[in-house]
Amino acid sequence: QKEVEQNSGPLSVPEGAIASLNCTYSDRGSQSFFWYRQYSGKSPELIMFIYSNGDKEDGRFTAQLNKASQYVSLLIRDSQPSDSATYLCAGTEGFQKLVFGTGTRLLVSP
Amino acid sequence: EAGVTQSPTHLIKTRGQQATLRCSPISGHTSVYWYQQALGLGLQFLLWYDEGEERNRGNFPPRFSGRQFPNYSSELNVNALELEDSALYLCASRREGGYGYTFGSGTRLTVV
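Each protein sequence line maps, in turn, to chains A and B.
Numbering-wise (the working numbering), the first sequence opens with residue 358 and increments by one.
Numbering-wise (the working numbering), the second sequence opens with residue -11 and increments by one.
FYI, nobody ran anything at the bench for these hints, they're computed from the structure.
For glycine and all other residues, C-beta sits at the position ideal for the given N, C-alpha and C.
Do not rely on the hints blindly, as some may be mistaken.
[Said to hold, decoys possible] Label pairs and their calculated CB-CB ranges: (1) A:K413 / B:R55: 23 to 31 Å; (2) A:P467 / B:P50: 43 to 51 Å; (3) B:E84 / A:S369: 37 to 45 Å; (4) B:G86 / A:Q437: 40 to 48 Å; (5) B:E42 / A:P467: 42 to 50 Å; (6) A:P467 / B:R45: 38 to 46 Å.
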């Protein structure tokens, strides 16, 4: 059973701090990883994807991938209350299908 | 560009009935994926359609079925509804060679 594991949280950070969200995966064949943000009652929206070892930055977001450790993370700098949501990590299975973790709930307090 | 559209937004059915959920992918996207998100749970993969064919299905009973039409739209059918089928059903589409999915806003199915 290919799995993606996330701490359900909630992860609480003050406004302006760095939020660090982590994810591990069991399938060494997974090639690409995705971070989705899901606000309560809404559908997931893609924030970032990463497929190479190392860091990938996009604005306040940085995704990190370590394939040897089977570890993916998402850093959110200068966290804002509007970042409060559930963050879903997903990895590819067979290049085409995404397997999702259960998500980490992030709470950013003003 | 129009996003992934799903209908209906909400659906209330009685146990034992059938439900049909519909999805229109983004123009140019050929793959459609269906996921179930029950309350407090993660996204569980249901079905993947590409070019009109079922490519993969998740660990769901056969009463969950669907199809993809020549215009790449898709429908999900759930027969003999059970209370545990109450969930948000999300459809997503992906263009050939693209990364990641774009999700629709979902259909909230309630079985009473």
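Next on the checklist: Check the structure against each numbered hint from earlier and tell me which ones fail, lowest number first.
Outcome noted: 1, 4
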